[in-house]
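With the sequences and hints as input, model every part of the structure.
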Amino acid sequence: MIVTKQKPFEEILRYTEGEKCIYIIGCGECSTQCHTGGEEDIKDMKERLEGAGKEVVATTLIQAPCQELDTERILRKNKELVTSSEGILVLACGAGVQAVSEAVDRPVHPGCNSMFLGNIRRRMHFYEKCSMCGECVLNDYGGICPVTRCPKGLLNGPCGGIINGKCEVDSEKVCVWGLIYERMEEGIKADGLMRIYSPKNYGVCVRPGKIE
Amino acid sequence: MKLRDTFNKKDFVVTVEIPPPRGTNVRDALAIAEKIGDRIDAINVTDNQRGIMRMSSLAFSHLLKESGHEPIMQITCRDRNRLALQSDVLGAAALSIENLCVMTGDHPSLGDHPDAKAVFDLDSVQLIDIISRLQRGESMIGKRLNGSPEFFLGGVLNPFAAPFELQLMKLRKKIEAGTEFFQTQPFFDIESLKEFLDRVKDINTKILIGVTPLRSAKMIHFLNEKVLTRPIPDNIISKLESADDPVREGIELASEFVHRTKDMMVDGIHIMPIGSEAHLPLLLDLAGL
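Line by line, the protein sequences give chains A and B. Just so we're aligned, residue 0 is where the first sequence starts under numbering that gives the first Met the number 0, counting upward by one. Just so we're aligned, residue 0 is where the second sequence starts under numbering that gives the first Met the number 0, counting upward by one.
Since the hints were made in silico from the structure, they are not lab data. Keep in mind that this is a model prediction, so the values were computed, not measured. Treat the hints with care, as some may be off.
Pairs of lysine to aspartate or glutamate, DMTMM-like flavour, derived with a Cα cap of 25 Å [stated by the list, open to error]:
| hint | chain 1 | residue 1 | chain 2 | residue 2 |
| --- | --- | --- | --- | --- |
| 1 | A | K199 | B | E251 |
| 2 | B | K261 | B | E248 |
| 3 | A | K209 | A | E101 |
| 4 | B | K1 | B | D37 |
| 5 | A | K165 | B | E137 |
| 6 | B | K34 | B | E255 |
| 7 | A | K165 | B | D188 |
| 8 | A | K165 | B | D114 |
| 9 | B | K261 | B | E276 |
| 10 | B | K217 | B | D111 |
| 11 | B | K225 | A | E134 |
| 12 | B | K261 | B | D4 |
| 13 | A | K209 | B | D120 |
| 14 | B | K217 | A | E171 |
| 15 | B | K193 | B | D266 |
| 16 | A | K172 | B | E255 |
| 17 | B | K238 | B | E251 |
| 18 | B | K200 | A | E184 |
| 19 | B | K217 | B | E164 |
| 20 | B | K217 | A | E184 |
| 21 | A | K172 | B | E224 |
| 22 | B | K116 | A | E10 |
| 23 | B | K9 | B | E149 |
| 24 | A | K4 | A | E46 |
| 25 | A | K128 | B | D120 |
| 26 | A | K199 | B | E137 |
| 27 | B | K261 | B | D40 |
| 28 | A | K165 | B | D120 |
| 29 | A | K165 | B | E164 |
| 30 | A | K188 | B | E164 |
| 31 | B | K116 | A | D169 |
| 32 | A | K165 | B | D4 |
| 33 | A | K4 | B | D114 |
| 34 | B | K116 | A | E134 |
| 35 | A | K128 | B | D4 |
| 36 | A | K165 | A | D190 |
| 37 | A | K172 | B | D120 |
| 38 | B | K8 | B | E149 |
Spelled out as structure tokens, the structure:
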């Protein structure tokens with residue numbers, strides 16, 4: 000899922016400066032899981048905006064704002080609400096914000112920062128394990144991704160900054176190369192450790208990505 | 000290849016690291032090189048070490064070469080992609096720089112521009128492999144070069160990075176890719192060095208042992224906490240704490256360490272003064288170099 004963090008409220012107030020009537024849109028999928036754009040979060044945001052002197056004309060939880068056609072359909076149906084607002088605050092990832100932005104003729108403001116594609120361990124604990132590089136290497140590293148989980152994305156083993164199995168960038172984090180090595184010791188193939196691994200092909204993930 | 004010859008001829012090679020200046024004034028950095036240049040075999044020129052911005056290693060290596068010194072240009076994967084790295088390597092060869100020391104580079108989040116985008120398009124093994132390919136007359140994508148570079152290729156090794164087996168695996172890859180010599184992170188006690196030499200005894204390559212003079216108890220606490228797996232012993236901490244001139248004490252300890260390495264059949268040493276550049280002549284005097 001896409002992990003988001005809500006923006007500082009002061010930043011949201013700055014975005015909406017000069018706009019009295021605000022329409023809040025949330026996301027029923029990832030942002031609900033992250034508690035950044037679910038039903039409760041929309042309600043909290045409404046109260047805070049009203050406390051800051053704004054009028055919240057409406058709130059809508061779209062199940063998955065990144066489903067562009069659904070979002071367009073819902074906003075067409077809510078055309079009056081859109082028209083009565085001066086600005087729309089979207090509590091979703093950047094994909095959701097843009098789906099809304101493309102469907103309306105009002106200023107659309109992001110209420111969240113999109114952080115990463117994250118695995119959920121338990122409530123509100125998210126971990127980045129895949130960076131969608133377009134050329135999956137997991138088969139060569141015992142099912143553990145060094146492209147994402149090594150801050151330098153190295154492919155030929157750890158840098159000199161691995162101290163007692165921990166990463167130089169964050170001493171709380173276990174160096175992913177230690178984990179890959181453990182997998183290899185358990186007998187799981189991690190061929191990438193053994194041979195000179197060629198440079199990655201970044202040509203396969205030129206932005207913006209598109210599959211039709 | 001002057002430095003390769005030196006490695007083949009001399010029993011004990013000495014290299015010293017001098018960082019380029021932060022700014023355009025190279026006078027002080029060149030003056031340090033001038034003071035010690037004829038007592039050592041080569042000077043490592045750092046490449047924004049620890050992610051802290053300075054003049055490029057390419058430019059300062061060239062200036063050292065012009066002044067008659069033997070530079071080892073350090074080159075990291077942190078700041079440049081595969082195009083820029085290959086260009087700079089060709090440029091270095093055209094400027095008569097003969098020695099490179101290739102490394103991954105510290106992450107920019109640890110340096111003085113923590114907001115910078117980390118590049119790491121290549122890793123150190125891949126870069127060494129590509130430089131070897133340039134030496135064979137073709138770019139990494141196989142295009143023929145109009146004139147190919149020739150280098151004495153070095154790499155780095157952190158003896159304290161645990162698990163050490165992983166460092167050994169990478170060391171072997173670096174050798175397979177074309178690395179001819181290594182320089183290590185600094186050692187501060189002879190027991191750690193003995194243990195390390197035993198671990199690499201089957202590896203047939205030249206290794207220069209890192210030496211850094213300690214300057215204060217604070218520096219030791221930092222190293223013990225952030226860098227070393229075997230902490231610097233308490234007796235060294237108390238020696239530095241009780242010394243009237245801790246910097247001088249640190250130089251004396253480093254020179255004693257150098258004397259002891261000479262008896263251990265190492266290929267040589269690599270001195271990283273880290274702030275004690277002005278005391279290098281004294282260190283060389285005391286170490287009998």
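Against the structure, the hints come out as follows:
no.: 1; hint: A:K199 - B:E251; in the structure: violated (47 Å)
no.: 2; hint: B:K261 - B:E248; in the structure: holds (20 Å)
no.: 3; hint: A:K209 - A:E101; in the structure: holds (17 Å)
no.: 4; hint: B:K1 - B:D37; in the structure: holds (14 Å)
no.: 5; hint: A:K165 - B:E137; in the structure: violated (38 Å)
no.: 6; hint: B:K34 - B:E255; in the structure: holds (21 Å)
no.: 7; hint: A:K165 - B:D188; in the structure: holds (23 Å)
no.: 8; hint: A:K165 - B:D114; in the structure: holds (22 Å)
no.: 9; hint: B:K261 - B:E276; in the structure: holds (22 Å)
no.: 10; hint: B:K217 - B:D111; in the structure: holds (21 Å)
no.: 11; hint: B:K225 - A:E134; in the structure: violated (35 Å)
no.: 12; hint: B:K261 - B:D4; in the structure: holds (20 Å)
no.: 13; hint: A:K209 - B:D120; in the structure: holds (23 Å)
no.: 14; hint: B:K217 - A:E171; in the structure: holds (23 Å)
no.: 15; hint: B:K193 - B:D266; in the structure: holds (14 Å)
no.: 16; hint: A:K172 - B:E255; in the structure: violated (37 Å)
no.: 17; hint: B:K238 - B:E251; in the structure: holds (11 Å)
no.: 18; hint: B:K200 - A:E184; in the structure: holds (23 Å)
no.: 19; hint: B:K217 - B:E164; in the structure: violated (31 Å)
no.: 20; hint: B:K217 - A:E184; in the structure: violated (39 Å)
no.: 21; hint: A:K172 - B:E224; in the structure: holds (16 Å)
no.: 22; hint: B:K116 - A:E10; in the structure: holds (24 Å)
no.: 23; hint: B:K9 - B:E149; in the structure: holds (22 Å)
no.: 24; hint: A:K4 - A:E46; in the structure: holds (19 Å)
no.: 25; hint: A:K128 - B:D120; in the structure: holds (19 Å)
no.: 26; hint: A:K199 - B:E137; in the structure: holds (19 Å)
no.: 27; hint: B:K261 - B:D40; in the structure: holds (16 Å)
no.: 28; hint: A:K165 - B:D120; in the structure: holds (23 Å)
no.: 29; hint: A:K165 - B:E164; in the structure: holds (15 Å)
no.: 30; hint: A:K188 - B:E164; in the structure: holds (17 Å)
no.: 31; hint: B:K116 - A:D169; in the structure: holds (17 Å)
no.: 32; hint: A:K165 - B:D4; in the structure: violated (39 Å)
no.: 33; hint: A:K4 - B:D114; in the structure: holds (19 Å)
no.: 34; hint: B:K116 - A:E134; in the structure: holds (22 Å)
no.: 35; hint: A:K128 - B:D4; in the structure: violated (47 Å)
no.: 36; hint: A:K165 - A:D190; in the structure: holds (22 Å)
no.: 37; hint: A:K172 - B:D120; in the structure: holds (22 Å)
no.: 38; hint: B:K8 - B:E149; in the structure: holds (20 Å)
Hints 1, 5, 11, 16, 19, 20, 32, 35, counting from the list given before, are not met by this structure.
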